[in-house]
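*Asks:* Chains as they are written, first to last, in the working numbering: chain A, 1 to 1040; chain B, 10001 to 10177; chain C, 20001 to 20209; chain D, 30001 to 30304.
The hints are simulated quantities; they were obtained by calculation from the structure and are not laboratory data.
Nothing here was measured: the structure is a model prediction, and the numbers come from that model.
Where hints are given, some of them may not hold.
Lysine-lysine pairs mimicking PhoX-like chemistry, simulated, CA-CA at most 25 Å apart [unchecked claim]:
no., chain 1, residue 1, chain 2, residue 2
1, A, K788, A, K773
2, C, K20197, C, K20101
3, A, K788, A, K954
4, A, K538, A, K773
5, B, K10006, B, K10022
6, A, K967, C, K20200
7, A, K954, C, K20192
8, A, K954, C, K20196
9, A, K538, A, K587
10, A, K983, A, K773
11, A, K967, C, K20174
12, C, K20101, C, K20196
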Amino acid sequence: MVNPLYLFACSLAAAFLLPLVDKLGRKASLGLAYATVAAWGAAALSYLWALFPGGSPTESFGTAGFAAPLAIMLRVGPEEAAGLLAVSAVGLLSAGAMHRSLAKAPIGGAIALLMALMGMSGIILTRDLFNLFVFMEISSIATYGLIAYDDRRAALRAGFKYMMAGGIASALYLIGVIYAYRFGGQLNIDLAARSPGLYGAAGTVAAFFLLAALLIELKPFPANGWAIDVYQTVDPGLSAILSGASATALLLALWKIMPILGDAQLSVVAGSGLATFAASNLVGARQSNARRMLGYSSVAQVGLVAAVAALTRLLSLGDDRFAYMVAGGLLLNHLLAKTGLFLLSRALGEPGSQAGAQRRRERALSPIGTAIAGVLAVGLVGLPPFPGFWAKWSLIRALAGARQWWLIVVILGASLVEAFYVLRWFGRIADMRGEDGYAGPEAGIAGPALCAAALAGFGIASGLALGVGDPLLWAPFAALAALLLVDRAPGWLKSLLSIAAVAAFGRLAFDRLDGLRLFFAVMLLGGGAMYSFAAMYKRGPRRGLHPLLSAATLALGAILVADSPLGFFFAWETMTLASYLLVLRGKKGERAALGYVVFGLGGAFLLMVGLAAIPGAWSFRPTGGADGWPILLIIGGLLVKLGALGVHVWLPGAYAESDDDVSGFLSSSLSKAGVFVMIVALAAFGGVVPFQALTLRALGWIGLATALFGALYAIYQEDVKKTLAWSSMGQIGYVILALAINDQAGWTTALYLALNHFLYKSMLFLAIAGVIKRVGTRNMYEMGGLIKTMPFSFLSVLMAIIALSGVPPLSGFGGKWLLYSSLLQKGWYLEAAVAFFASAVAFLYLFRLIHTIFLGQPKPSQSTVREAPLALTIPQGFLMAVLLAASAFPRLMLDPVMGVVGDVFDPILRFEGSTLVSPLGYWDGTLSMIVTIVVFALCFFWMLANLHNPQPVKQFNIVYAAERPFKPWTTHYAWSFYAPYEKALGFLTRRRGERFWEAFGTGVDSVGGAIRRVYTGNGQTYALHVVLYVVALYLLTGAL
Amino acid sequence: MNELAKELAGRYGARGWHDIRKDLASVEVDAIRIRDVMAYLRDEAGYGHLSFMTAIDNIERGAFTLSYALRDHDARRGLIVHADVDRAEPTVDSIHLLWGQAWTYQREMREWFGIDFPGSPRVDEEFVLEGWEGPPMMRRDFDSLAYSDATYAERPGRVTHDPASHMREKLYPEAAQ
Amino acid sequence: MSEKKTIPAPLANEGLPPEERGLFCDAAPREYEPARGAWERFLNWARSESLWLLGFGTGCGAIELRPLMTSRFDMYRYGIQPRPTPRQSSVFVIGGYASVKTLKRIVRSYEQMMGPKFVLALGSCTINGGMYWDSYNTIKRIDQYIPVDVYIAGCMPRPEALLAGFQELKRIIKSGGGEGQNEYARNFDWYKANQKKVIKDWNMPDYNW
Amino acid sequence: MEPTIIGRIGYAFVSLFVITNYGLLLIGSMARISAKVQGRVGQPVWQPYIDIVKSSAKRNSIGHGAMFYLGPVFRLAGGVGTYMFIPAVFGSVLFRNFSDSGDLLLVMYFIFFGQLGMALGAGEGGHPYSAIGVSRGLAQMTAFEVPFALSVIAVAAQYGTLDINAIVAAQQGGFAHWTLATNPLAVIAAIVAFLGMSGHNPFSVVIAPQEIPIGPPTEYQSNLLGMLQTNRAIFNGAKLVLYMNLYFGGATNIVAMVIKTFLIYFVNVFVGQAFPRLRTDQSIRFFLGAPTLVGIASVIIAVI
């Protein structure tokens, strides 16, 4: 290995030479500076190469060839090498970003940059306490220099505050060094850690001062106002250095002195870190300035890493490997994402000083820029496949193993808040696309792009390291990447590619799909392929749609084939991610997507804790003797995903605001993933649910309430997609209810309902997509009489609503029959009555839907619309045929369903020929179909035979109380169709759920607001904070 | 009452104050001052309510007489303001800004008498007649019978009797003879 | 072979602005052949025993229809009952004087009824104008505008007179005389010209299906 | 002896013929009874026949489109189909119809078949009153279905079956075995729901003849109207037979059926003549109030 001393020498020499070389030209001097930084990076790479593939041990270098007590030791181990690489990489990227200003300003800027990076590297390398101080001072002073060289008032002011806080920290650190030397007799950390002197009361004081100084440098809450101002005001490149490189170095310094810290001090580190994480995220949620928000996020992430490092030791969560994996993973995630985002924030334009003006002053990003921002933001919030995801999973798993539930709550709660504001920011950026005409990618996009690529690479590596190697689980990302590459291709080609991808996935996964999985694969994968086909209905490449749709579909498939908890959760979060981006793609999807992803992540976190808390491996086989309560978390998480009443508030927006075909995919296919997991979870753990009868009954009522209120909300909507969204919610409610029955009849019902819902909701969404495309509005009252121009869509909707409402002879009635039979069989009489009411209410919105769109008075402006495109009508025709077949021969659908359910339960329902028999009654779908057809045909022929001189008339040839209609749009009875109903029962649907969550959000927001008040912007106050923080730390350490 | 009469006379040249009943009076003003008089009566004299307005075709003196019936609900008294307008050129100021409902009456008078109220909303639209092409039919020089004969087909054989003599003949034929 | 020829040419509907013409059916009315022999007599019997009258009081005479429904006169026992929509009615009772404005509605409602349809004109005004003989706005004889089957004279005629009128109408229908619809179609141009002569703002199609 | 399929179809036609005529006469006689209540003579009992002949014999008709024509077809098929799924006379092969197609649930849902089709047909008519009528009708329907469903659930819980034949069989053996005697609350709830289902006063706001001329069928005429009138007879018959089977011990012969259904239908007239019309929101609140509580009570009675 290269002796790092040469590197220091190299840096110093370069710094001295820079003014001279500058005479040759700024290009040469900056080239020298960059080369020096690059040399550090190359050295770090060589260390890593030597350490890992080479297998050489950790090596220490003494100054002047002496050993420890006599010389300052520089150690190169895995963490040091990685840290050095991080510092130099961030340095290079930031330098690249700052290149223009470095080139303009005096050469001092480059020197300061060089020195700051060298200082940070020194912090990482040195094992000497005093030397650590020296390097900290070097990097601090150089950083001031960098801040100051950026000649702006706000930056100068922030730099001053920074200097003040740094000064206090240095003073404290120096005191600590003095104490440590006095009591330990050593300044070398490794030797001092072994020294008995440092374990007395006085040693504690020494350790305390060292710790306090380092903590302050790590910008803990609330003593971090000075740092936030810096992040916000200085050049983004410098922010990246501070947030990425400096934090890395200081965290490694903290890691270094951890051996000399006692349990009480470790608790303080953990507590401070978690408090910082939680509070900074709460405050961050209130920020509208992107850089300030990123600053809070930085502070929060660093706090989390420090806390995790401390907790690892404190709770013995694992060995150093675990710490590297989790803390390192989180740090890496933070480093790359934050560096990238800070650099990218330059492309967004200058931050406005006024929060309100911020929105308008930000510029739209190019598609590539947006994609990179997306990768970085998504990585930051810990979605797969990025390192944060894996680290968080390992962390929660370990914490659950240690039964630290409160810590889990704090960490996940704060993570959710972080996800909320980071994705809100990203949503805003993504929503701006297309407003300005943009050409190619922005200048300086390379840095963020590198970060994003590294993030993805490390994420994949960590995933593989954790044993998630199943190619099928990674298939969604492969499809995403592959289709993004051909994103400029015409839509039909991408549709075909997507379908091919799904087919290939299905072929590969086929052997691993047993009955239940095969059943769901039809809905999930088949649905995905169908919607990929339908996506052709809009011309043009529809950029971004196909990759995401395909990724979401394959993620659904991956959920089916996952065989470990992590694999499943990985697939689940992949699905969340892909569907979130799909919703965000919608025209006005920003708000809806945010709600969708926040609730989706909340549900996923519940799911994650539940999975982590279940001892033993994840298997979908029934297990006995396990703790029951985690299953409640899993059910809770799934209820969020299914949009059960109370946590449904994301649903109408997400289903309504995404693209019209995507809505159908979300509603008819994606929602079934939750049903699948619910079935699997109940099958595996249904026996160990605490208070089984009560829990299931409660679950049943939740489903029932979902069904009823979904239907009630649906009838008052003017927006057709909102109607369908609420309708989807209601239909899923029936599935939940049927699952809660928890016997053969109930589950048969649930699966049958799920499959039927897939069929008719697909038909509805596809037909409505065609209507919206042709008519150009979503408001039903702006349509009317489209049966004349879009008869096929009408037929499709007609069949779908007959099936949905459960009117015989279509297959929907089978669902109703099964539902009531199994409810009554179970003895849930009241539930049956409410379900009947809910399904009667469904009639209201269904009739309204078909009437206001297809019947009534056509609008003259819509008299020339054409039938929906073939891309939509072909799938509809196919679905119609399936629906008819399944209606005439219920065994086609029920035999597989009952076969699947038969594995779990004793039979209650059985077939006798074509008659389905329950203990209470019977239903012969085939015979009732024949009777209906014959009767209908007879009536039809009677009507024809009796028809005398029929005169087809036009829309205004109606009896209008002896008047004539004048305007179709006032003659069409459509707006507020069920006004009397609202008068009678409107009090039931006053959006309590939305109000509750709004109040909840306001509460979180005001907590954040209250916390934010500590950040006055006043330097003295900040200094006071720092001092008070130290005092509080001291008291706490004493108390512990 | 008489104070008001004097006041109106002094300010607007009103004349012909006439107490019809104890609580109802009438007065005449010039058509040109009608809006000022109405504004005064509404805002100063307490007549807050326009009960109705109509017109009379005084063809003998070549004028339409507009009648505005006002009511003071607090004092429980009424006042009818008459104003003559030239029959040859019937144009009067609109008072729809004083009383919103006045536009309906003015539209009615426009259609029936041909009196114009410039600025009154929808004053030129049809009121009760549809597609009326004849002269304003409430004018007394409009010959309804001639118009009817010319426009509507008649059933031949129609006989008109004087009701009194006809009934006498029918009921008491002997007395008639 | 001559099936096509019996279908008259579409109406011009010149009263409608061009953008509204597409909203109304422009087919001209046709004559419809009665059935033959006993079958037609049976149908005529059924028509006469099931008189559904349009609940549209076109004038003051409509006041006389109300007592007919009540227990004193009880028209239901003759198979007569009111119907709120012209689509389902077979008898149109013109309730006395018809102003031009009402005539327009009468024509429209009459045309919207399904044949065979019958008109019962009530009161002197419908016959010769009655007391409105010199009115500027009241037509004097309704049969200029729609075919009338039975007149009931009087001002007002009493409910008994109406019942007698209904009996007369029944007799006419049973004898096969209730062919007002075909008469209207046959003389459509004449009727239409008469209607348009008095209805000046013709803002509806020439035939209201 | 099990009849052949041809035989069953023949029987079904006979059964349908009987119920059609019975339904028509029932409507006619109820109109006559109403007239008596109002002190009138009233129309002839056979008036519905004449009306149907007259409507069907109209010489011309208008149509607003395919769905407009299909509406009455749906309606009539709904009525006939509902009847076809109910065994009309207990133990009779002739009146068994096709009740082996499904149980009570099938019948309850097939009732919607005609209503939905009719609503759609009326919708294509383009008349706003049709839509208003449908809106009111559907809104009211959701409300009166609640007590009805509760009472059906009570019956199902009481007899442990949803098979109509089995329900009737369980009530054999005299009045004391009828649901009317064993669970009177269920019958009360169901009868109140029946008032709403029939659309007589006070729940006649759907067709509100003076206000929204006749509601959904405003545009229907000629033979389409004739089909609707025919359906009214059959559908009424089917519903009455269903009620008789569920609550009044069914019928073992046609005479008993006639007497029982006549009496059930008479309740309608009895109430209808005595009460004024309710607004839609009032009737919704009404049905979801006391009748629903009675229905819940009936379920509780059936369970304990």
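*Asks:* With reference to the structure, classify each hint as holding or not holding.
*Replies:* Results of checking the hints against the structure:
no.: 1; hint: A/K788 with A/K773; verdict: holds, 17 Å
no.: 2; hint: C/K20197 with C/K20101; verdict: holds, 13 Å
no.: 3; hint: A/K788 with A/K954; verdict: holds, 11 Å
no.: 4; hint: A/K538 with A/K773; verdict: holds, 8 Å
no.: 5; hint: B/K10006 with B/K10022; verdict: holds, 18 Å
no.: 6; hint: A/K967 with C/K20200; verdict: holds, 22 Å
no.: 7; hint: A/K954 with C/K20192; verdict: holds, 21 Å
no.: 8; hint: A/K954 with C/K20196; verdict: holds, 23 Å
no.: 9; hint: A/K538 with A/K587; verdict: holds, 14 Å
no.: 10; hint: A/K983 with A/K773; verdict: violated, 34 Å
no.: 11; hint: A/K967 with C/K20174; verdict: violated, 43 Å
no.: 12; hint: C/K20101 with C/K20196; verdict: holds, 12 Å
Consistency with the previously given hints fails for numbers 10 and 11, ordered from lowest to highest.
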